[in-house]
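Chemist: These protein sequences, in sequence, are chains A and B.
Residue numbers are given in UniProt numbering: position 44 of the first sequence equals residue 44, and the series is strictly consecutive.
Residue numbers are given in UniProt numbering: position 114 of the second sequence equals residue 114, and the series is strictly consecutive.
Wrong hints could be hidden among the right ones.
[Said to hold, decoys possible] Keeping only pairs whose Cα atoms sit at most 27 angstroms apart, straight-line, the calculated DSS-like set for lysine-lysine is:
| no. | chain 1 | residue 1 | chain 2 | residue 2 |
| --- | --- | --- | --- | --- |
| 1 | B | LYS56 | B | LYS37 |
| 2 | A | LYS123 | B | LYS153 |
| 3 | B | LYS211 | A | LYS153 |
| 4 | B | LYS86 | B | LYS56 |
| 5 | B | LYS86 | B | LYS211 |
| 6 | A | LYS211 | A | LYS199 |
| 7 | B | LYS123 | A | LYS123 |
| 8 | B | LYS153 | A | LYS153 |
| 9 | A | LYS37 | B | LYS153 |
| 10 | B | LYS131 | A | LYS123 |
| 11 | A | LYS56 | A | LYS86 |
| 12 | A | LYS86 | B | LYS86 |
| 13 | A | LYS131 | B | LYS123 |
| 14 | A | LYS32 | A | LYS163 |
| 15 | A | LYS30 | A | LYS86 |
| 16 | A | LYS153 | B | LYS56 |
[Unchecked claim] A few chain A residues that face chain B, going by a derived Cβ cut-off under 10 angstroms, partial list only:
| no. | residue |
| --- | --- |
| 17 | LYS30 |
| 18 | LEU54 |
| 19 | LYS56 |
| 20 | VAL102 |
| 21 | GLU138 |
| 22 | THR146 |
| 23 | GLY167 |
| 24 | HIS214 |
| 25 | THR217 |
I should point out that these hints are in silico values taken from the structure, not numbers from a laboratory.
What you are looking at is a predicted structure, and each value in this text was computed from that prediction instead of being measured.
Glycine included, each C-beta is placed from N, C-alpha and C at the ideal position.
There are 2 protein chains.
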Amino acid sequence: MSEGKQEQIEFELYSYWRSSASWRIRAALKFKGINHKITPINILKDEQRSNEYLSKNPSGFLPTLVHNGNILIQSPALLEYLEEIKPEPALLPADALGRARVRGLAAIIYCDTHPVQNLTVLKKVGALRGKEGVTDTEFARWVIWTGFTAYEKALSVGGTVGKYSYGDTLTIADLCLFAQGYNAERFGVDLTDFPLIRKLLETLSQEDCIKSTHPSTQIDAVQ
Amino acid sequence: MSEGKQEQIEFELYSYWRSSASWRIRAALKFKGINHKITPINILKDEQRSNEYLSKNPSGFLPTLVHNGNILIQSPALLEYLEEIKPEPALLPADALGRARVRGLAAIIYCDTHPVQNLTVLKKVGALRGKEGVTDTEFARWVIWTGFTAYEKALSVGGTVGKYSYGDTLTIADLCLFAQGYNAERFGVDLTDFPLIRKLLETLSQEDCIKSTHPSTQIDAVQ
Chain A
1 MSEGKQEQIE FELYSYWRSS ASWRIRAALK FKGINHKITP INILKDEQRS NEYLSKNPSG
61 FLPTLVHNGN ILIQSPALLE YLEEIKPEPA LLPADALGRA RVRGLAAIIY CDTHPVQNLT
121 VLKKVGALRG KEGVTDTEFA RWVIWTGFTA YEKALSVGGT VGKYSYGDTL TIADLCLFAQ
181 GYNAERFGVD LTDFPLIRKL LETLSQEDCI KSTHPSTQID AVQ
Chain B
1 MSEGKQEQIE FELYSYWRSS ASWRIRAALK FKGINHKITP INILKDEQRS NEYLSKNPSG
61 FLPTLVHNGN ILIQSPALLE YLEEIKPEPA LLPADALGRA RVRGLAAIIY CDTHPVQNLT
121 VLKKVGALRG KEGVTDTEFA RWVIWTGFTA YEKALSVGGT VGKYSYGDTL TIADLCLFAQ
181 GYNAERFGVD LTDFPLIRKL LETLSQEDCI KSTHPSTQID AVQ
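With the hints as constraints, model all of the structure from the sequences given.
Modeler: If you want it as structure tokens, here you go:
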């Protein structure tokens, strides 16, 4: 828990202001009080497809985290890494069963929802439907609606929802949910059928680690 | 490491023979020597959409693992859970950096590839292209090709490939890769451009935990 030498830890996060996967990590870094530098990558200018960026992150996706020269990719792996190297304050429960439940909720977002509605996929679906270069909003809405339907049911079936998705402590599931909620709003997804999610999004919107890392606060934000 | 009381541990895995996410968990259970019962769910008969199954797994996806009455979902969460409750033999490296690298590789498959080409998504893309009820093979091939392109580069960029995806020890990344390779074959994806992956798939095909849990060996397999 010592904060004494934290300024010596060197973290660089490659991020895009509107990338919800980047936001998860920005929020986790803030929550854990880990000093870091943010390097913006502009996906509208295809900077994530530059040879330089691809040499770090071969998927051409955001975020990428560089820690003391070690290049790490994929936000679920980054969340686990941050939890391991700085366990407190925790973003996962202390018991294996609780961790499995939280990871299960998070995976509804970071496996089944977000990757299916990322920009590359939406453009591909648009192209397959004869609209080259257009992101397919109808498909995106369906993906997010389907993911939120599962998340909402998992909250009630699991009976684990409290102030947060799992009890009364913030976890990685909440960070994934909130960032996905931002995408839901962008794509105009109707959240009427998701009362538990709506309540969580309202609560989470007040969290400092989320507010202070909001896309609109980012150096590369376009207003 | 004691095996003495293992027969008392009660695991039930809801699985479908051709589900690559189920296969990951079947292989992990086998690798770790965890006795378990398999309950088949026939997704061609939409059994995963029954109220009974949805009450366990609200996503309507496979697999679901029940451990001593505790219902757990999402294969990445299950892999972590099995690693925590039975750390040996290990499916993750001992150091945080190594674990992050392995999870990063695995997530290229379990986030960016497999969920984007699951049956539900392929049917949705088919329907959006005017072919209701048809799985979109063209989209599936693109998704797997894109995912394998990233995985292949990550293996060489990371420089971590050995006998397996990360050094000379089998990890969760290999289990995810191999099961995805099975899907690649089913969808007719050309693997010519992926020499490292092809070599890994050849090696992995000889692993007992993979061979003995192959879809064709399953009780619900249709030959």
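Chemist: Indicate, hint by hint, whether the structure satisfies it.
Modeler: Against the structure, the hints:
1. Taken as a hint, the LYS56 (chain B) and LYS37 (chain B) pair is honoured in the structure, with Cα atoms around 16 angstroms apart against an allowance of 27 angstroms.
2. Our distance criterion of 27 angstroms between C-alpha atoms is met by LYS123 (chain A) and LYS153 (chain B), whose separation comes to about 23 angstroms.
3. With a CA separation close to 35 angstroms, the supplied pair LYS211 (chain B) and LYS153 (chain A) exceeds the 27 angstroms bound.
4. Using a Cα cut-off of 27 angstroms, the hinted pair LYS86 (chain B) and LYS56 (chain B) holds, with the two alpha carbons roughly 23 angstroms apart.
5. In summary, the hint linking LYS86 (chain B) to LYS211 (chain B) is supported, as the alpha carbons are separated by about 21 angstroms, within the 27 angstroms threshold.
6. Of the pairs offered as hints, the one joining LYS211 (chain A) and LYS199 (chain A) holds, with about 16 angstroms between alpha carbons and a cut-off of 27 angstroms not exceeded.
7. Using a Cα cut-off of 27 angstroms, the hinted pair LYS123 (chain B) and LYS123 (chain A) holds, with the two alpha carbons roughly 18 angstroms apart.
8. Proximity of LYS153 (chain B) to LYS153 (chain A) is assessed by CA-CA distance (about 38 angstroms); at most 27 angstroms being required, the pair is judged violated.
9. For the proposed pair LYS37 (chain A) and LYS153 (chain B), the alpha carbon gap of about 26 angstroms is at most 27 angstroms, so the pair holds.
10. For the proposed pair LYS131 (chain B) and LYS123 (chain A), the alpha carbon gap of about 19 angstroms is at most 27 angstroms, so the pair holds.
11. Taking the CA atoms of LYS56 (chain A) and LYS86 (chain A), the gap is about 23 angstroms. The hint holds against a cut of 27 angstroms.
12. At most 27 angstroms may separate the alpha-carbon atoms for a hinted pair to count; LYS86 (chain A) and LYS86 (chain B) meet this at roughly 23 angstroms.
13. A distance of roughly 19 angstroms separates the Cα atoms of LYS131 (chain A) and LYS123 (chain B); the hinted pair therefore holds under the 27 angstroms criterion.
14. For the hint linking LYS32 (chain A) to LYS163 (chain A), the alpha-carbon distance of about 20 angstroms falls within 27 angstroms, and the restraint holds.
15. For the suggested pair LYS30 (chain A) and LYS86 (chain A), the alpha carbons sit about 12 angstroms apart, so the restraint of at most 27 angstroms is met.
16. This hinted pair checks out: LYS153 (chain A) and LYS56 (chain B) have alpha carbons roughly 10 angstroms apart, not beyond 27 angstroms.
17. Taken as an interface hint, LYS30 (chain A) does not check out: its beta carbon lies about 19 angstroms from the nearest beta carbon of chain B, beyond 10 angstroms.
18. About 7 angstroms separates the beta-carbon of LEU54 (chain A) from the nearest beta-carbon of chain B, less than 10 angstroms, and the hint is met.
19. The restraint placing LYS56 (chain A) at the interface with chain B holds, with a minimum CB-CB distance near 8 angstroms, inside the 10 angstroms limit.
20. Nearest Cβ of chain B to the Cβ of VAL102 (chain A): about 8 angstroms, under the 10 angstroms cut. The hint holds.
21. For GLU138 (chain A), the shortest C-beta to C-beta distance to chain B is roughly 7 angstroms, which falls under 10 angstroms, so the interface hint holds.
22. Satisfaction of the interface hint for THR146 (chain A) is found here, the shortest Cβ-Cβ separation to chain B being roughly 7 angstroms, below the 10 angstroms cut-off.
23. Interface hint status for GLY167 (chain A): violated, as the beta-carbon distance to the closest one in chain B is roughly 16 angstroms, over 10 angstroms.
24. Violation of the interface hint for HIS214 (chain A) is found here, the shortest Cβ-Cβ separation to chain B being roughly 23 angstroms, above the 10 angstroms cut-off.
25. For THR217 (chain A), the shortest C-beta to C-beta distance to chain B is roughly 26 angstroms, which exceeds 10 angstroms, and the interface hint is violated.
The structure fails hints 3, 8, 17, 23, 24, 25 (numbered hints given earlier, in ascending order).
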